[in-house]
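These protein sequences, in sequence, are chains H and R.
The letter at position 233 of the first sequence is residue 233 when you use my numbering, and the numbering goes up by one with no holes.
The letter at position 106 of the second sequence is residue 1106 when you use my numbering, and the numbering goes up by one with no holes.
One or more hints might be untrue.
Claimed, not checked - Here are the simulated BS3-like cross-link-like pairs (lysine-lysine), alpha carbons at most 25 angstroms apart as the crow flies:
no., chain 1, residue 1, chain 2, residue 2
1, R, K1427, R, K1490
2, R, K1132, R, K1100
3, R, K1399, R, K1366
4, R, K1154, R, K1291
5, R, K1085, R, K1132
6, R, K1315, R, K1376
7, R, K1373, R, K1345
8, R, K1194, R, K1262
9, R, K1189, H, K100
10, R, K1551, R, K1521
11, R, K1271, R, K1100
12, H, K165, R, K1263
13, R, K1194, H, K100
14, H, K165, R, K1373
15, R, K1189, R, K1291
16, R, K1521, R, K1271
17, R, K1366, H, K165
18, R, K1521, H, K165
19, R, K1116, R, K1194
20, R, K1224, R, K1551
21, R, K1262, H, K165
Unchecked claim - Computed far set for chain R versus chain H, every beta-carbon distance over 12 angstroms:
no., residue
22, L1130
23, A1134
24, T1205
25, A1297
No lab work stands behind these hints, which were simulated from the structure alone.
Heads up, the beta-carbon is just placed ideally off N, CA and C, and yes, glycines get one too.
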Amino acid sequence: MRYVLTKIGLFVLTLWAAVTLNFILPRLMPGSPLDAALAKLASTGQQVTNAQRRAIEAQLGSPHGNVFSQYWDYLGNLAHLQFGRSFTDPTRTVASSIAKALPWTLVLVGATTIFAFVIGTLLGVYAGWRRGKKADTAVTLGATFFAAFPPFWLGLLLLYVLAFKLDWFAIKGGYSEGLTPNLSLSFLSDAVQHSVLPALTLAITSLSGWVFGMRNNMINTLGEDYVTFAEANGLRSRTVATRYAARNALLPNVTAFGLSLGAVVGGSVLVEGVFSYPGLGHLLFEAVSNHDFPLMQALFLVITVSMLVAIFIVDLLYARLDPRVRR
Amino acid sequence: MTRHSRVRSAAVCAAVASIAVLGLSACKGANSNNTSAAGVLTIQGDAGDPTLTANFNPFAPPPNQLEGTRLIYEPLEIPSSVDGKYTPFLATGFTFTDPKTLVYTLRSGVKWSDGKPFSSADVVFTFNLLKKNAALDTTGVWTQMSNITASGNKVTVAFKTPNVPFATTVAAVPIVAQHLWASVKDPVKYTNTKPVGTGPFMLDTFAPTQYVFKKNPTYWQASKIVPTQIKFPAQSSNQSTNQLDVTSGKFDWSYNFLPDVKKTYVAKDPKHNSYWFPPGGTIGLFLNLTKSPYTDANFRKGLSLALNRDTIAQKAVNGYTGPASLSGLILPNLEQYLDPSLPNKGNVTQNSSAAMAAFQQAGFTKQGGKLSKGGKAVSMTIVAPNNFTDWVAAAKEVKTQLGAVGISVSLDLPQFAQYQQAIAAGKFDVAFGGFGGTGIPYTDFNNALNSKFATPINTATVNNFERFKDPTVDQALTTLAASTAAGAQKQAIYKLEQVMYNQVPIVLLYYGGSWGLFSTKHYTGWPSASDPYMLPTTYNNAMLVILTHLKKA
Chain H
1 MRYVLTKIGL FVLTLWAAVT LNFILPRLMP GSPLDAALAK LASTGQQVTN
51 AQRRAIEAQL GSPHGNVFSQ YWDYLGNLAH LQFGRSFTDP TRTVASSIAK
101 ALPWTLVLVG ATTIFAFVIG TLLGVYAGWR RGKKADTAVT LGATFFAAFP
151 PFWLGLLLLY VLAFKLDWFA IKGGYSEGLT PNLSLSFLSD AVQHSVLPAL
201 TLAITSLSGW VFGMRNNMIN TLGEDYVTFA EANGLRSRTV ATRYAARNAL
251 LPNVTAFGLS LGAVVGGSVL VEGVFSYPGL GHLLFEAVSN HDFPLMQALF
301 LVITVSMLVA IFIVDLLYAR LDPRVRR
Chain R
1001 MTRHSRVRSA AVCAAVASIA VLGLSACKGA NSNNTSAAGV LTIQGDAGDP
1051 TLTANFNPFA PPPNQLEGTR LIYEPLEIPS SVDGKYTPFL ATGFTFTDPK
1101 TLVYTLRSGV KWSDGKPFSS ADVVFTFNLL KKNAALDTTG VWTQMSNITA
1151 SGNKVTVAFK TPNVPFATTV AAVPIVAQHL WASVKDPVKY TNTKPVGTGP
1201 FMLDTFAPTQ YVFKKNPTYW QASKIVPTQI KFPAQSSNQS TNQLDVTSGK
1251 FDWSYNFLPD VKKTYVAKDP KHNSYWFPPG GTIGLFLNLT KSPYTDANFR
1301 KGLSLALNRD TIAQKAVNGY TGPASLSGLI LPNLEQYLDP SLPNKGNVTQ
1351 NSSAAMAAFQ QAGFTKQGGK LSKGGKAVSM TIVAPNNFTD WVAAAKEVKT
1401 QLGAVGISVS LDLPQFAQYQ QAIAAGKFDV AFGGFGGTGI PYTDFNNALN
1451 SKFATPINTA TVNNFERFKD PTVDQALTTL AASTAAGAQK QAIYKLEQVM
1501 YNQVPIVLLY YGGSWGLFST KHYTGWPSAS DPYMLPTTYN NAMLVILTHL
1551 KKA
């Protein structure tokens, strides 16, 4: 029980620190939402005038009051889960922007994370069991090869070859132009087709981590006495591999899996950017480049909180899985 | 006009761009035949981030207001950004009864798309709406206007001080319907998702990644409008994705910088694909005129003479546009205003010995390979936003060229917002910036040189951020603003050109391009070098003028 209470205390403290940092960090960036809006205007080549600057300043929701009153308002609004309106487009609420982007990221990054974990772990078990054999070499080499790709670079390559040159997939977006998101079969299949390339990119590049982790754990575990004992008992080798070795080798990977599920919400800024995918990662990138403080704060908050919750749950689970940590 | 792109994102793009350049030449144009069906016009639309928000409020700042809004709401007249020539819309013409009084005659028989008649009351209402809500007055008409009245089909605008060239700004205000907007509670936050205008198109459907317009059957010049439907598919905020999209040939009209355009775009469908990249603004070095040695005109002249503008333009914009005339006019667009006494049309070519002579007059000599004064070597920091790749390329070339005359240059390439903050506050040595491009000499010179914009350091200004102050320039601007006669206007413009040429307040480098890409598969009549009636921009009211010029192919 004391263990759980300590963890809860730690959770609250980290949450406060994260929330406060979340307030401070965006304000340390040079430039203001106004400068960013003028930048957008100027980047289309239009001449910006002082009159425009004044009008835009009045139209944007610029920060009001001093830093302390802003911080106090911020904490108060958080307590009520009020995120306010976007600075760049005051006609939109931050909550609605996030709600629109969240499902895309949850499905795309969530599904690929689970997929990569399952496949990567199985491959790792296999490679670890057949250590030193040809199969191990093939899997390890392949994983090393793909681990060396930066995700956005692989994304660009797939985009250029499969979407632009071969025209098999759309080059951008989460669904075809002109469609409105809904749950009909035709829309879903369109969305799935658009998500193939980003999913492939994410899966290929994150697979390797799971393969290496699992393979190394397997090799360690296979050296344990109880595995030798099980083999000496004449159990079938597959039973030894899965029931005895893999089960124990899986523990550290499960922890990592919990954490990466927590990170799903953050999306993948670079990959979503490359494919112009309508998810949270892309939204975060836009918020940062527009100095949209309310949107940024809300996004960072969602990301940190889901990460903290994931860590908290993993901590509690660990206590159940491994009684030693409870002491 | 001056940028490569509509919206640029981070360094990622550079990588794709290079892949695109390498690979495109090998493309076979397999998917170049998927442009619009009959009657449909497809325009490369707004950048969605990542999706669009329906906002057809013609007074919302452009990133939030969808560009198509320009085809729904018409202004009184549209001045061409090439040479300032007017195309009349809701007005049939205007006269200055005196330099402070502007009278528009309105077109009769115009109807709002809901069937109600348009009248002078709508015009007066619109301007008063901007007066009441300063946040909507994005062009600052009420900084110059004192009053607006209507009688019959005439609308009279009174200015606070004589300002003839300001008619271009007044004429361009989009007019909204009084019977609909009078009841809008907060017009600043109003998204106007069911727009009713006098323009040639009406909203048909809106989806987060594409909006579609249909032709307004009761439009007053409906016979001149050929397309029956316009599609605006959302663009990515990722520039390289947009370049791929454009080269795949799905647009009838797009606006994008493309490297090696003949190979990457025209060759995909040589029969139909064409481009026109006219100069649309001037890129230059803005020197901080509150700081030594930039306060010295001779030093500035030395800088100007030390640069090879051909090479700079080649590096920056593939040579699509050329070196800039130091008169401050975009040539050939504004040739009619060019002072004939300026040598070589105001063009200055690199001349190292003349540059050294100018530096010497300013008290600088070359010592040990470094340009120095009183034993102190000259060094400068040039600031440019890192995502404007053409500016960055030009800055690198400037650094090399100034290095050759013994000036040590360092480049500061921050994010745009940081750059914007630095130049507005006057905290820079030398900054890259855009000059002119409105098609109206007065506006170009006034924005860049009028001393009333030159705020003290640490007080933000967007115009005249180099902080130039010269009473004779202010005088020439006042004279130009007050003159209605073409001859007097020209004389005042000549004076300003001479200041630009002789005092070099801004070291102009090259013309920024306007990147129009057209397919003549379905429509012809696009603006071109032989028929330069408008810049090919898809993001301002040039669109309305171009739509009335299109013919069926």
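Against the structure, the hints:
Distance restraint check for R/K1427 and R/K1490: the Cα-Cα separation of roughly 35 angstroms exceeds the 25 angstroms cut-off, and the hinted pair is therefore not satisfied. In summary, the hint linking R/K1132 to R/K1100 is supported, as the alpha carbons are separated by about 22 angstroms, within the 25 angstroms threshold. Simply put, R/K1399 and R/K1366 have alpha-carbon atoms about 17 angstroms apart, close enough for the 25 angstroms limit, and the pair holds. Between the alpha carbons of R/K1154 and R/K1291 the distance comes to roughly 50 angstroms, so the proposed pair goes past 25 angstroms and is violated.
Taking the CA atoms of R/K1085 and R/K1132, the gap is about 31 angstroms. The hint is violated against a cut of 25 angstroms. Simply put, R/K1315 and R/K1376 have alpha-carbon atoms about 32 angstroms apart, too far for the 25 angstroms limit, and the pair is violated. Of the supplied pair hints, the one linking R/K1373 and R/K1345 is violated, its CA atoms being roughly 33 angstroms apart against a limit of 25 angstroms. At most 25 angstroms may separate the alpha-carbon atoms for a hinted pair to count; R/K1194 and R/K1262 exceed this at roughly 41 angstroms.
For the proposed pair R/K1189 and H/K100, the alpha carbon gap of about 21 angstroms is at most 25 angstroms, so the pair holds. The hinted pair formed by R/K1551 and R/K1521 meets the criterion: a straight-line CA distance of about 11 angstroms does not exceed 25 angstroms. Under the criterion of a C-alpha separation no larger than 25 angstroms, the hint pairing R/K1271 with R/K1100 is inconsistent with the structure, at around 52 angstroms. Using a Cα cut-off of 25 angstroms, the hinted pair H/K165 and R/K1263 holds, with the two alpha carbons roughly 16 angstroms apart.
Distance restraint check for R/K1194 and H/K100: the Cα-Cα separation of roughly 22 angstroms lies within the 25 angstroms cut-off, and the hinted pair is therefore satisfied. Between H/K165 and R/K1373 the CA atoms are separated by roughly 58 angstroms; this puts the pair beyond 25 angstroms, and the hint is violated. A threshold of 25 angstroms between alpha carbons decides the hint, and for R/K1189 with R/K1291 the separation of about 42 angstroms lies outside it, so the pair is violated. This hinted pair checks out: R/K1521 and R/K1271 have alpha carbons roughly 8 angstroms apart, not beyond 25 angstroms.
A threshold of 25 angstroms between alpha carbons decides the hint, and for R/K1366 with H/K165 the separation of about 55 angstroms lies outside it, so the pair is violated. In summary, the hint linking R/K1521 to H/K165 is supported, as the alpha carbons are separated by about 23 angstroms, within the 25 angstroms threshold. The suggested pairing of R/K1116 with R/K1194 holds, with an alpha-carbon distance near 16 angstroms, which does not exceed 25 angstroms. Between R/K1224 and R/K1551 the alpha-carbon distance is near 8 angstroms, which keeps this suggested pair within the 25 angstroms criterion.
At most 25 angstroms may separate the alpha-carbon atoms for a hinted pair to count; R/K1262 and H/K165 meet this at roughly 19 angstroms. Separation of R/L1130 from chain H is inadequate, the least Cβ-Cβ distance of about 9 angstroms not exceeding the 12 angstroms criterion. Non-interface status of R/A1134 relative to chain H is broken: a Cβ of that chain comes within 12 angstroms, the nearest being about 6 angstroms off. Distance check on R/T1205: its Cβ comes as close as 8 angstroms (rounded) to a Cβ of chain H, failing to clear the 12 angstroms threshold; non-interface status is violated.
No Cβ of chain H comes within 12 angstroms of the Cβ of R/A1297; the nearest lies about 25 angstroms off, and the non-interface call holds.
Hint compliance for this structure: hints 1, 4, 5, 6, 7, 8, 11, 14, 15, 17, 22, 23, 24 are not met, and every other hint is.
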